[in-house]
Structures are given as C-alpha cells and as structure tokens.
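Using the sequences and the hints given, assemble the complete structure.
From first to last, the protein sequence lines are chains A and B.
Under this note's numbering, residues 154 to 633 are what the first sequence spells out, in order.
Under this note's numbering, residues 77 to 378 are what the second sequence spells out, in order.
Do not take every clue at face value.
Cross-link-like lysine-lysine pairs, in silico, DSS-like; alpha carbons within 27 Å at most [what the hints assert, rightly or not]:
1) 237/B with 450/A
2) 315/A with 334/A
3) 130/B with 630/A
4) 378/A with 130/B
5) 623/A with 607/A
6) 237/B with 428/A
7) 224/B with 450/A
8) 440/A with 237/B
9) 518/A with 318/A
10) 224/B with 440/A
11) 630/A with 285/A
Honestly, the hints are just simulated from the structure, not real lab data.
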Amino acid sequence: MSVTPESPSQPIALSRRSVLQRAAIAGLVATPAAGLLAACATGGDDEPSTDNTGAVSANNPLGAPEDQPINVVIFNGGYGDKYATDVHEPLYKKAHPKSEVKHQSSQAISTLVQPLIAGGNAPEFVNNSGEKSMDFGALVADGQLQDLTALFDAPSVDDPSKKVKDTLVPGTVDTGSFNGKPYVLYYVSTVFGIWYSGKLFTDNGWTAPKTWAEFTGLCDKIKAKGIAPYAYAGANAAYYQWNIILTSAAKIGGADVLKNIDNLEDGAWKVDAVKQAAEAWAEIGAKYNLQGAEGLKHTDVQLKQNQYQLAMYPSGDWLENEQKKDTPADFKYQMLTTPSVTASDKLKSTALRATAGEGYVVLSKSKNPKGGLEYMRQMLSKAGGKGFTEVVKAPTVVLGSTEGLTFTPGTQSSQDALKAAGSEVFNLFFDGWYKDLDKEARTATNELMFGRIKADQFVERIQKKADEIKKDSSITKFKR
Amino acid sequence: MRHGRYPFIVGFLVAPVVLYAYFVLWPYVQTIILSFQQWRGFTAPRWVGVENYKRMLDNDRFWQALQHHGIILVFLPLITIAFALVFAFLLNVGGKSKGGKTSGVWGSSFYRVVFFLPQVLAVPVIAVLFATVYRPNESGLINGVLLKAGLDGPVGFLIDKHLALPSLIAVLVWQAVGFYVVLFSAGMANIPAEIYEAAELDGANKVTLFFRVTFPLLWDTIQTAWVYLGILAFDAFAIVSVLAQDNGGPDGATTVLGLEIYNNMQQNRYGDAATYGVALCVLSLVFAAFTLRLTRRETYEY
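Have a look at this one:
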C-alpha cells in the first residue's frame with residue numbers, strides 16, 4: 154500500500170491521512186485476531202476424528218498408526234511425571250520407534266486440556282487427576298472419551314494369549330466404567346484405612362483395635378497420654394471422614410448399602426447402617442478430637458501426626474509417600490481397618506474399601522486415539538507396572554508387577570490388609586459421579602463430627618441432596 | 077478545515093470501539109446467552125430457557141450468598157471509611173498546630189507507609205497470612221496468645237458460623253484501610269488551611285474540626301470511596317476462596333456469588349455459572365445506580 158500525499162502543500166492533511174490509514178490497517182489486523190479469540194469462548198463444533206488406523210500386527214494389535222505422534226498429558230501432582238518420562242514413554246517408543254511422543258505435564262489439567270479440546274486439538278492421552286481435573290461424568294456424557302473395551306480385550310504385552318483385562322486386579326475395568334462401558338483406566342491400587350505410627354503404638358504397648366469397645370478403650374489410653382487420639386482435617390479434607398463413616402456403614406449393613414447410595418436409591422442414606430455408623434463416629438469426634446482440627450488443612454493435621462501429637466488419621470495409602478519429607482525415620486506408618494461397630498456387623502472388621510485410583514483416559518476426538526490406547530497397553534505391561542511402582546512406591550493394578558520389589562512399611566501394611574480382607578473388599582463411586590453430593594456429604598460430615606448436628610440430621614440432609622440430584626434432569630445419572 | 081474532520085475522529089474511534097465491543101461487550105452478551113443454556117465445555121451448548129435461573133433461585137446457597145453480600149455491603153464500607161477517616165485526620169491535621177499551620181501526629185509519615193503496606197500485597201498472600209493468624213490451635217497468632225493467657229479452648233474464627241464472616245470482613249478492612257487513608261489524605265490536602273485556622277480561632281476543638289470542617293468538605297471523596305468499597309463487597313471472591321473453610325463454609329456461612337460461579341465452573345456447569353454471573357452483574361449495577369442517586373448532594377464550593 155503506497156501512501157502518496159494529495160498535495161505537497163498540505164503536510165498536515167498528509168499526516169492525518171496516514172494516521173487514518175494506519176488505524177485502518179490496525180483495525181484489519183486486529184479484527185480477524187479478535188474473531189479467532191472470541192470464537193474460543195464457547196468452543197468449536199464437534200469434529201469426530203476419522204477412523205485413523207494403522208496395520209494390525211502382533212506388536213500392534215490395536216492397529217495404531219505407526220508413523221503418527223501421540224500427545225501425552227500427565228498430572229504433575231503427588232506422583233510427579235517422572236514415571237511417564239522415564240518408564241512408560243520409553244516403553245512406548247521402544248515398541249513403536251516411528252511414533253513420536255509429545256510430553257506435557259501440568260498441575261491444573263482442566264486449565265491445560267479443556268481449551269485444547271474446545272479448539273479441536275485434543276491430546277490423545279490424559280492423566281485426568283488432581284484438584285483441577287475435568288469432570289469424568291461430563292466427559293462421558295459429552296462423548297469425549299474413547300471406549301476402552303478394545304484395549305481390555307486386546308492381547309497383553311507380556312503374554313499374547315492373555316487379554317489385557319485378565320492381567321489386571323479384578324474390579325479395575327468396573328471401577329472405570331460408566332453405565333457398563335469402560336472409559337477410564339484407574340491405574341494405581343489404592344487402599345483406604347486409618348493410619349498410625351507403628352513406633353508410637355509399640356512404644357506404648359498399644360495394639361490395633363478390632364471392636365468398637367477396643368477402639369474407644371484405646372482412644373481413652375491415648376488421650377490419657379496427652380495425645381489427640383483421632384482427627385481428620387475439617388478445613389479441606391472432610392471427605393476422608395465420610396469415607397470412613399461409609400466404610401463402617403458398609404461393614405454394619407453389607408456392601409449393598411454403598412451400591413444403593415451410588416445408584417441414588419430412595420432412602421439409601423437413611424438406612425440404619427449409615428445412621429449407626431454416623432452416630433458411632435460422631436461420638437469419636439466429640440470426645441477424642443485434635444484441638445482445632447476443623448480449621449486445619451490436611452497438611453497441618455498430617456504434620457501433627459508426624460510430630461506424635463495425633464495418634465490416628467484416616468487416609469488412603471498415598472499418605473506415606475506424601476509425608477515422606479516430614480516423617481521421622483523410625484515413624485513406621487501402619488494401617489488399621491475400621492473396627493466393627495456392632496457385634497452383628499455383616500462384614501468382618503478386616504473388610505476394607507479399596508479402589509484403583511489415578512484416572513487415565515484416551516480422548517476420542519483426538520487425532521490418534523488408537524495410539525492412545527496402545528500407550529495404555531504398554532502401561533499395563535509388567536515392565537510398565539513395575540517401573541511405576543519403583544518410581545512412585547505405589548502398587549499398580551497390573552498383577553504380579555510388584556514381584557521382587559520391597560515395599561515401605563506403610564504400603565506393606567496396607568497390602569497385607571488388602572490380602573487379609575479377602576473377598577470383603579468394596580468401593581463407592583458417588584463422589585466421582587455427582588460432585589454436588591460429595592460437597593454436601595463433606596459439609597454434613599463437618600457438622601456431624603464437630604457436634605452441631607446429630608446422626609439423624611446428618612443422613613436427612615445428605616438424602617435431601619441425593620433426592621434433588623435424582624430429580625434434576627440436567628445431571629447425567631450413572632448406575633452400577 | 078471542517079472537511080475531513082469527522083472521518084478523522086471516526087478513524088480514531090473505530091479501532092478502540094471495535095476492540096471494546098469485541099472484547100468487553102460481546103463477552104457480556106455471550107454470558108447472558110450462555111445463562112439460558114446448558115454447556116459442559118466440550119460439545120455445543122443446549123438451549124434450556126430459564127431452567128438455570130429457576131435452579132439458582134431454588135438454591136439455598138444463592139440466598140445465603142446474597143445475604144452475605146448485604147452484610148459485607150453494610151459493614152465493609154462503614155468500618156473501612158470510619159477507620160480511614162480517623163487515620164487520615166490524625167495523619168494530616170491531628171497534631172499540634174504550629175504558627176497557625178496544622179500538621180499530623182508525631183511520626184505520621186512512618187504510619188502512612190505502615191497503613192499502605194497491606195495494599196501492595198496480593199489478596200491470596202493476605203489470605204494465607206491470615207490463615208496463620210486465625211489458626212485454631214497454639215500455633216495460630218491470636219489463639220496462641222489467648223491459649224497462653226489461659227483461655228480454655230481456641231477461638232474458632234473461621235470455624236464458628238457466626239464468627240467466620242466477620243473474620244473475613246476484618247481482613248478485607250485491614251487491607252483496604254491503607255488505600256483510603258491515602259485517598260482521604262489527598263482530599264484533605266485540598267481543604268484550604270485558612271478554613272481550619274479560622275475554625276480554630278473561633279475556638280473549635282479537634283472533634284468539632286473533624287465533623288464540621290473535614291467531613292463535609294470531603295463528602296465527594298467519601299462518596300467515591302463508598303462506591304469502590306461497595307464494588308469490592310460484591311467481589312470478595314479471592315479472600316473467601318483461599319481463606320474460608322470448606323469452599324465458603326462452614327456450611328455455606330461465608331459463600332459469595334463469585335464463589336458459587338467458581339464452584340459451578342469446577343463442576344463443568346458453565347450455563348449455571350453464567351446465570352450466577354448475570355445475577356452478580358445485575359446486583360452491581362443496581363448498587364451503583366442506587367449509591368449515585370442517594371449520595372447526590374450539593375458540594376461545597378471553596
């Protein structure tokens with residue numbers, strides 16, 4: 154574009170003109186850019202990925218296109234991302250040298266991945282975890298997740314005569330299923346219980362209680378020593394405690410109590426088992442709590458335990474790894490299962506809640522979903538599982554992948570407990586399906602455990618929320 | 077030279093107006109549209125009419141949040157302005173007058189810095205600081221002292237339902253006061269010294285000076301402060317999000333609309349989040365219109 158003065162005698166008009174023209178150019182440049190940005194606000198339209206398949210072979214049973222890259226997004230939280238860069242990605246590269254692995258990690262998965270999905274650049278493989286994870290229910294309801302049936306039915310890496318699903322801890326496929334279809338691979342074997350210091354207990358001659366009378370008796374002894382017997386962090390981790398209350402409820406009334414809660418059955422929260430469990434734990438909260446526990450965060454409370462000011466703390470088996478830095482060398486984390494509340498409990502006191510945790514998904518609208526599935530298949534090999542456990546010290550759902558590894562005391566103790574539980578292992582899902590219900594349960598748990606409401610009101614108010622959710626047509630429902 | 081004047085002006089305006097419309101006004105319109113839709117952020121939004129609004133009006137947390145905005149709206153400006161006025165007065169005209177010249181109390185330039193310091197800290201930083209100040213055990217700043225002094229149990233500043241919101245308002249006041257001290261100081265510097273002098277000659281003491289001279293002549297500045305603080309009262313998201321218990325807890329005792337927007341977004345309910353956003357926008361506009369109406373009053377010429 155040439156700028157020619159209208160007349161040499163009008164320098165002012167010239168400068169105005171050129172200013173105008175520059176403004177116009179700026180406008181032209183800015184507008185399309187603004188259009189692009191504004192378009193992002195409500196996302197693009199669906200673009201179902203074309204059926205992108207490579208040649209099927211023994212090395213590549215899922216038919217992933219060998220020459221196309223995969224994008225891997227790992228949650229950089231408690232487990233870090235070293236297990237991916239040092240173990241899983243090299244395994245995949247070794248099997249498929251022509252396919253490039255593009256690695257990214259983040260502490261806020263939804264912040265990173267959601268715009269990519271909306272912009273049509275969905276990554277193939279996502280470790281959807283952490284506080285800022287994407288809602289699995291919403292992802293499933295919107296058809297963003299790849300059905301994992303093909304993966305679980307594919308021949309496994311180590312033994313092609315065995316299907317992948319037969320090389321995993323039973324229940325793994327179900328845990329990641331929504332209305333009967335597997336969409337999420339939960340990879341890390343997780344056991345829930347009450348944690349204590351082996352050293353503190355041995356030094357004082359205390360033993361793990363099995364009945365409620367033994368439990369309260371022990372709490373009295375601990376209290377007499379000037380140590381707080383039992384606490385959880387009310388400020389941000391009340392769900393650790395509803396988990397314990399519901400574990401007790403399942404032991405009193407059988408595992409179906411939890412199934413009914415998950416399925417939003419009428420009156421599922423108001424059954425006697427839940428009420429009895431709530432009553433029993435409310436008493437513990439009233440009598441044996443740590444000072445100010447309601448206002449403390451989980452890190453504060455866990456630190457108190459490491460300083461021997463708190464005896465027992467409810468958590469999952471990630472606790473030991475999480476506290477690594479603050480734990481005295483001879484602390485010796487141990488786990489006990491919730492004691493039987495009544496003599497007529499349906500399940501034994503050794504029963505426990507175990508699940509597979511840490512969710513991994515393949516996004517169906519990505520360019521190379523088959524590559525994502527193949528990455529998962531490599532992850533589920535014995536080498537993948539063993540490497541993961543070596544790096545993060547947590548057992549995976551891959552059977553036999555922990556052979557020859559020695560565990561830390563805490564993990565050993567929870568693995569022993571899992572073995573002792575035998576077939577009495579249960580799980581619950583409502584918190585992942587209905588976040589609103591989880592929120593209500595957390596709030597109600599604080600109200601109950603810090604003495605502001607009774608067990609009756611506790612079940613009443615959560616039931617009310619569950620009924621609301623059941624009636625709300627905008628929420629996708631799940632069954633198991 | 078009238079020729080070409082309008083194109084000239086328009087030329088200047090086009091780019092900013094287009095940018096403003098696209099980046100400010102259009103998102104507003106989009107939000108309003110979104111509030112009538114259900115959208116999880118993955119596939120195209122679905123039109124649901126007023127369903128989101130119905131759900132919002134049925135939600136206890138919405139009414140709780142409104143109530144909290146009301147409380148903050150009354151107390152935050154009142155307390156902040158009261159403190160700021162007193163401090164500004166002391167810093168500027170509270171001291172002895174020398175040779176007819178009024179000055180601040182001894183060390184006022186030092187206090188000015190101290191008062192302003194919280195203003196330069198980011199809200200999350202302040203929230204983390206106050207988490208330690210309020211912590212309900214012996215390692216909390218306040219409770220540590222109280223427990224040493226022989227109190228039976230710690231005070232649950234953020235735990236007690238009746239204390240939680242006032243505790244948060246106290247933090248907001250603590251942070252805001254410094255800025256308004258500076259604002260009012262600037263306003264006071266504009267008040268001619270002769271007026272003070274004349275009043276003092278007539279025998280007015282400090283209290284009279286404050287209420288009869290400073291306050292009326294600062295009315296314009298106070299009005300501005302009121303609007304700013306009112307808008308702050310409609311925000312309050314950051315402090316609640318970082319400092320309060322259990323997401324606006326205990327049991328919703330500190331929740332605000334901003335937090336409800338955030339909670340809905342966290343659950344991928346962008347339509348509902350937009351609905352709360354519209355409610356917040358309407359409330360802020362109503363407040364601004366009201367204040368400007370109510371505080372319209374003659375200004376004093378001097």
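Hint check results:
Among the hinted pairs, residue 237/B with residue 450/A is consistent with the structure: their alpha-carbon atoms are about 18 Å apart, no more than 27 Å. At most 27 Å may separate the alpha-carbon atoms for a hinted pair to count; residue 315/A and residue 334/A meet this at roughly 21 Å. Of the supplied pair hints, the one linking residue 130/B and residue 630/A holds, its CA atoms being roughly 21 Å apart against a limit of 27 Å. Among the hinted pairs, residue 378/A with residue 130/B is inconsistent with the structure: their alpha-carbon atoms are about 55 Å apart, more than 27 Å.
Between residue 623/A and residue 607/A the alpha-carbon distance is near 25 Å, which keeps this suggested pair within the 27 Å criterion. Restraint check for residue 237/B and residue 428/A: the C-alpha separation of about 25 Å stays at or below 27 Å, so the hint holds. Using a Cα cut-off of 27 Å, the hinted pair residue 224/B and residue 450/A holds, with the two alpha carbons roughly 23 Å apart. Between residue 440/A and residue 237/B the alpha-carbon distance is near 21 Å, which keeps this suggested pair within the 27 Å criterion.
Annotation: proposed proximity of residue 518/A to residue 318/A holds, straight-line Cα distance about 24 Å (limit 27 Å). Restraint check for residue 224/B and residue 440/A: satisfied, since their Cα atoms lie roughly 23 Å apart, inside the 27 Å limit. Taken as a hint, the residue 630/A and residue 285/A pair is honoured in the structure, with Cα atoms around 22 Å apart against an allowance of 27 Å.
Comparing the model with each numbered hint stated earlier shows that hint 4 is the single one that does not hold.
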